[in-house]
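Chemist: Sequence:
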Amino acid sequence: MPVGAGVVVVGIMSKTHQGRISEAPLFREVVFVNRDGVDYWALSLEAYAVLQATRPDGPRDVDLARFRLVRDRVDWGRAMDLAEALRVRDKLEAFCRQVCTR
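For what it's worth, the working numbering labels the leading residue of the sequence shown as 1389, then goes sequentially.
The hints are simulated quantities; they were obtained by calculation from the structure and are not laboratory data.
C-beta: ideal position from N, C-alpha, C; glycine also.
Each statement offered as a hint is correct.
Label pairs and their in silico Cβ distance ranges:
id	residue 1	residue 2	range
1	Arg1454	Val1426	14 to 22 Å
2	Val1418	Arg1475	19 to 27 Å
3	Val1426	Ala1482	32 to 40 Å
4	Trp1429	Thr1489	25 to 33 Å
Start from the sequences, fold in the hints, and give me the full structure.
Modeler: This is the structure we're talking about:
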């Protein structure tokens, strides 16, 4: 969401693809980003990795390709901690293997 001057209220209720609902720890993964001169709020790469890893049919090819492009910018240890907190570490480990071995 683009932001300008002023106050922005952010409310997050996240649900992994496995149906686990959690207000935290994903809330702590909201980051302020400036890309190409546009300011907006987004989830961290680590949070997106966890969400993609828990897709019911497994990660899509397009998501694997995108994460291969940015894999060096992902803090995989922090992503594993996040996945552990959501009890989906096994899914993230499988996703990481697919992203990092090609």
